[in-house]
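Following the hints, put chain B in place on chain A, whose structure we already have.
Quick note, the sequences are listed as chains A and B, same order.
For what it's worth, this note's numbering labels the leading residue of the first sequence as 1, then goes sequentially.
For what it's worth, this note's numbering labels the leading residue of the second sequence as 318, then goes sequentially.
Honestly, the hints are just simulated from the structure, not real lab data.
Any given hint might turn out to be false.
Restraint-style ranges between C-beta atoms, simulated for each label pair [to be verified]:
hint: 1; chain 1: A; residue 1: Asp253; chain 2: B; residue 2: Asp600; range: 40 to 46 Å
hint: 2; chain 1: A; residue 1: Asp212; chain 2: B; residue 2: Glu416; range: 46 to 52 Å
hint: 3; chain 1: B; residue 1: Arg604; chain 2: A; residue 2: Thr65; range: 28 to 34 Å
hint: 4; chain 1: B; residue 1: Asp530; chain 2: A; residue 2: Ala164; range: 36 to 42 Å
hint: 5; chain 1: A; residue 1: Thr65; chain 2: B; residue 2: Ser585; range: 36 to 42 Å
hint: 6; chain 1: B; residue 1: Ser379; chain 2: A; residue 2: Gly276; range: 34 to 40 Å
hint: 7; chain 1: A; residue 1: Gly276; chain 2: B; residue 2: His373; range: 34 to 40 Å
hint: 8; chain 1: A; residue 1: His55; chain 2: B; residue 2: Asp600; range: 30 to 36 Å
hint: 9; chain 1: B; residue 1: Asp600; chain 2: A; residue 2: Ala168; range: 57 to 63 Å
hint: 10; chain 1: A; residue 1: Val187; chain 2: B; residue 2: Arg435; range: 34 to 40 Å
hint: 11; chain 1: B; residue 1: Ser580; chain 2: A; residue 2: Gly100; range: 48 to 54 Å
Computed far set for chain B versus chain A, every beta-carbon distance over 10 Å [to be verified]:
hint: 12; residue: His373
hint: 13; residue: Glu416
hint: 14; residue: Arg455
hint: 15; residue: Ala489
hint: 16; residue: Ala493
hint: 17; residue: Asp499
hint: 18; residue: Tyr542
hint: 19; residue: Asp549
Glycine included, each C-beta is placed from N, C-alpha and C at the ideal position.
Listed below are the residues making up each chain.
There are 2 protein chains.
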Amino acid sequence: MRKRLDSMQTIIFDKIALIGIGLIGSSLARVIRREGLARHLAIATRSSETLEQAHHLDLGDSYTTSNAEAVRDADLVIASVPVGTSESVARDIAGDLKEGAIVTDVGSTKGSVIEQMRPHLPSHVHFIPGHPIAGTERSGPDAGFAELFEGRWCILTPLEGTDADAMARLAAFWRACGSDVDSMDPVHHDMVLAMVSHLPHLIAYNIVGTADDLETVTKSEVIKYSASGFRDFTRLAASDPTMWRDVCLHNKDAILEMLARFSEDLASLQRAIRWGDGDKLFDLFNRTRAIRRSIIEAGQDVDVPDFGRQAGKAPAE
Amino acid sequence: MRKRLDSMQTIIFDKIALIGIGLIGSSLARVIRREGLARHLAIATRSSETLEQAHHLDLGDSYTTSNAEAVRDADLVIASVPVGTSESVARDIAGDLKEGAIVTDVGSTKGSVIEQMRPHLPSHVHFIPGHPIAGTERSGPDAGFAELFEGRWCILTPLEGTDADAMARLAAFWRACGSDVDSMDPVHHDMVLAMVSHLPHLIAYNIVGTADDLETVTKSEVIKYSASGFRDFTRLAASDPTMWRDVCLHNKDAILEMLARFSEDLASLQRAIRWGDGDKLFDLFNRTRAIRRSIIEAGQDVDVPDFGRQAGKAPAE
Numbered sequence: 001m002r003k004r005l006d007s008m009q010t011i012i013f014d015k016i017a018l019i020g021i022g023l024i025g026s027s028l029a030r031v032i033r034r035e036g037l038a039r040h041l042a043i044a045t046r047s048s049e050t051l052e053q054a055h056h057l058d059l060g061d062s063y064t065t066s067n068a069e070a071v072r073d074a075d076l077v078i079a080s081v082p083v084g085t086s087e088s089v090a091r092d093i094a095g096d097l098k099e100g101a102i103v104t105d106v107g108s109t110k111g112s113v114i115e116q117m118r119p120h121l122p123s124h125v126h127f128i129p130g131h132p133i134a135g136t137e138r139s140g141p142d143a144g145f146a147e148l149f150e151g152r153w154c155i156l157t158p159l160e161g162t163d164a165d166a167m168a169r170l171a172a173f174w175r176a177c178g179s180d181v182d183s184m185d186p187v188h189h190d191m192v193l194a195m196v197s198h199l200p201h202l203i204a205y206n207i208v209g210t211a212d213d214l215e216t217v218t219k220s221e222v223i224k225y226s227a228s229g230f231r232d233f234t235r236l237a238a239s240d241p242t243m244w245r246d247v248c249l250h251n252k253d254a255i256l257e258m259l260a261r262f263s264e265d266l267a268s269l270q271r272a273i274r275w276g277d278g279d280k281l282f283d284l285f286n287r288t289r290a291i292r293r294s295i296i297e298a299g300q301d302v303d304v305p306d307f308g309r310q311a312g313k314a315p316a317e
Numbered sequence: 318m319r320k321r322l323d324s325m326q327t328i329i330f331d332k333i334a335l336i337g338i339g340l341i342g343s344s345l346a347r348v349i350r351r352e353g354l355a356r357h358l359a360i361a362t363r364s365s366e367t368l369e370q371a372h373h374l375d376l377g378d379s380y381t382t383s384n385a386e387a388v389r390d391a392d393l394v395i396a397s398v399p400v401g402t403s404e405s406v407a408r409d410i411a412g413d414l415k416e417g418a419i420v421t422d423v424g425s426t427k428g429s430v431i432e433q434m435r436p437h438l439p440s441h442v443h444f445i446p447g448h449p450i451a452g453t454e455r456s457g458p459d460a461g462f463a464e465l466f467e468g469r470w471c472i473l474t475p476l477e478g479t480d481a482d483a484m485a486r487l488a489a490f491w492r493a494c495g496s497d498v499d500s501m502d503p504v505h506h507d508m509v510l511a512m513v514s515h516l517p518h519l520i521a522y523n524i525v526g527t528a529d530d531l532e533t534v535t536k537s538e539v540i541k542y543s544a545s546g547f548r549d550f551t552r553l554a555a556s557d558p559t560m561w562r563d564v565c566l567h568n569k570d571a572i573l574e575m576l577a578r579f580s581e582d583l584a585s586l587q588r589a590i591r592w593g594d595g596d597k598l599f600d601l602f603n604r605t606r607a608i609r610r611s612i613i614e615a616g617q618d619v620d621v622p623d624f625g626r627q628a629g630k631a632p633a634e
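Extracted from the complex, chain A is given alone in its bound form:
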C-alpha cells in the first residue's frame, strides 16, 4: 500500500521554515531534503541543545533559536510544536512573515490551534492548519525518519475563504512527502481524532497507570507476563507527555464526549460479565474483528500476526 514517489521532484518552495524539530519536524526535514522540496530549509527550536542535535544530524540549511529569524523570506512555515505553544509561535513569527507565505502546523487538535494562531497572523499570509496522521512513540530530532508519512493521511482544515492555489500547493507538498491528503472542517477533525487517537492514548496511559498502582500484583509480574496483552498498551503510553498533556487541555470537549461513550459501553460490558451474559460478550467480541480486517485492507496496519513482532516466525496471512 506504500506510494512510490517519483525520483525527480520539482522544488515546491524556495524556502521552508520548520519551527520545532521533534519526531514530526525532523521527519519532515528528512523527507524535504530527500525529495528536494525546498532550496533552503531553516530550522528553529527554542532549546539550544535540541538545535545543536538537529545541526549535528544535518537536518537543514540554517539553524536558529529565533522563530522570527527562521520565517523571514520563507514561503512555507510549518509549526511542529506541542499544541499548547501555538499562540506563542504565532506571536513570535507574526511580524516577520513574508507576504503570500503559507503558514501551517501539524498539531493533533485543530480548533484550539486556529483559536490560538489566527488572531496574531497578518492577513497577507495563507494560514492553513494541517495534521499528518503519522507518528511513533519516540520523540526528539533523532526519532524522525523520511518515510514516516508514506501511505498515511494528512488532514488539512482550511478556513473559510482560503486561497485555492495556496491550498493546492500545500496539498502537493504533503503528497510529495508520501501522504494522501484529505480536507475537513476543524470541528469535525477534532471529533474524529478524539475517537481514533486521543481516546486510545488516554486509555493506554490509564491502564498502565492502573497496573502501576496495584498492590496485589507486583510490577515484576506485570512486566514478565505482559506479552499476554498488556504490552500492546505500553507503546502508546510511552508517547511524549508534554504533547499529550497539551492535546488533553486543547481538545477537552470532544475528548470528554468520547470518554463518556467509552465509559458507558464499559459499564454495560461490566454488567454483562457480572451477570454472565455470554451471548452479549460473544456478540461484541465477534463484531470487532471486522474493523481490524478493514484497517489492514486500507493499508493502515501490517498484515502479519502480532504486528510483525514475530516476523519470520509466525505464518503470514
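Coordinates of chain B only, in the frame set by chain A:
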C-alpha cells in the same frame, strides 16, 4: 532475549495427547515434533473439519475426534480448549487415562479450570494446571508456529500435594518448548492475568465497539485515520471471541475487580481533563514510560519504534 534450544533433545514423553488444535495446540504440536519431545503425538479435536486441517498440516502421528481415544496410553495430556469446555474434556478422558499420566491445560484462567476438571479426574493421574503466556490474535491450526513459546513464560499452578517428579517433568517439557517456567497459586494467577491480559483485551474490545457505534464519526474515518493510535487496540480485539467469552465468564471476580480499578482511575483522569489539571495529566503520562522500558529490557517486547511495523525505516534504539 530468545533462548537457544539444544539441537538434541531427549524424548521427554513416550506419548503426548493434545486435546484441541487451535493456535496454542498447533504451536505445541509443531515444537513437540521439531524438538522430538514425544515418540507418538495424538491429536484430538471435536470438529472433523479442524481435525482434517490438522492432518493436512501433518501436525501429529494420529488423529481422532474422540478425546478418550487420544489419551489412551498417553504420558502427558494437554487440553488446549476454550476454558468453558474444560469440564466436558475432563469427563471425556477420565475413564481412559493411564496410571501416572500427567494431565495439564493451557487455559487463561486457573481457578475455574481446576474446579471444572479436578472432580472428574482419577486419583492415579497427576493434574497440574498450566498457562503459557504467549499467543497472537490469530486462531486455528494454521495459525500456530513452533517458536511461539520462545522467551515467554509458562505459569504452572500445582495443587497441594503435587508429585515433585511429575512437576519437574512438566517444567522440563515447557523449557524444551522454549519457555521459562514459573509456579504460582491459582488464585494469584487469576488476579495477575486479570490485570495483564483479561483487562487489556476487554478494554480493546470495548473501545473498538465504541468506535463502531459512533454516529458522528464514520467507520471509513475510523479506518483511514487509525494509525494515530486506534489501530493498536484492534489487534487484541481481533482475538478469538469464544475463547474470550469463556475467560470473562470464568474469571469474573478478578476481572470485575480490575475493571473497577481501571474505571475509577479513568474517572479521575476525566476530571483532570475537565478541570484542566495539566500537572496531573503530565505526571501520569510521564510515569507510564518507565514500564515500557522495563518490558523491553525484560525481553517481553521488541526494542524498535512502532512494534517494528516501520522496520527498516525508523531508526532503531
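For each hint, the structure was consulted:
1. Distance hint check for A/Asp253 and B/Asp600: the Cβ-Cβ separation is about 23 Å, which falls outside the suggested range of 40 to 46 Å.
2. In this structure the hint that A/Asp212 and B/Glu416 lie 46 to 52 Å apart at CB holds, the actual value being about 48 Å.
3. Under the hint 28 to 34 Å, the C-beta atoms of B/Arg604 and A/Thr65, about 30 Å apart, fit the expected range.
4. A hinted range of 36 to 42 Å for the beta carbons of B/Asp530 and A/Ala164 is consistent with their spacing of about 37 Å.
5. The hinted window of 36 to 42 Å between A/Thr65 and B/Ser585 holds, with their beta carbons roughly 38 Å apart.
6. Between B/Ser379 and A/Gly276, the C-beta spacing of about 37 Å keeps the proposed range 34 to 40 Å intact.
7. For the pair A/Gly276 and B/His373, the supplied restraint of 34 to 40 Å holds, since their beta-carbon distance comes to about 37 Å.
8. Taken as a hint, the range 30 to 36 Å holds for the pair A/His55 and B/Asp600, whose Cβ atoms sit roughly 33 Å apart.
9. The supplied range of 57 to 63 Å is broken by B/Asp600 and A/Ala168, whose beta-carbon atoms lie about 44 Å from each other.
10. Taken as a hint, the range 34 to 40 Å is violated for the pair A/Val187 and B/Arg435, whose Cβ atoms sit roughly 59 Å apart.
11. Hint check: B/Ser580 to A/Gly100, Cβ distance near 52 Å, so the stated range 48 to 54 Å holds.
12. Non-interface call for B/His373 relative to chain A: holds, since the shortest CB-CB distance, roughly 14 Å, exceeds 10 Å.
13. Against chain A, the non-interface label of B/Glu416 holds: every CB pair exceeds 10 Å, the least being about 34 Å.
14. Look at B/Arg455: its CB is around 5 Å from the nearest CB on chain A, not clear of 10 Å, so calling it non-interface is violated.
15. With a closest Cβ-Cβ approach of about 20 Å to chain A, B/Ala489 is found to remain outside the 10 Å limit, as its non-interface label requires.
16. Residue-level check passed: B/Ala493 sits 17 Å from the nearest beta carbon of chain A, beyond 10 Å.
17. Against the 10 Å criterion, B/Asp499 falls within the reach of chain A, whose nearest CB is about 8 Å from its own CB.
18. Annotated as non-interface, B/Tyr542 brings its C-beta within 10 Å of a C-beta of chain A; the closest such distance is 5 Å.
19. Consistency note on B/Asp549: stated as away from chain A, yet its beta-carbon is not over 10 Å from all of that chain's, at 6 Å minimum.
Of the hints listed earlier, those the structure fails to meet are numbers 1, 9, 10, 14, 17, 18, 19, in rising order.
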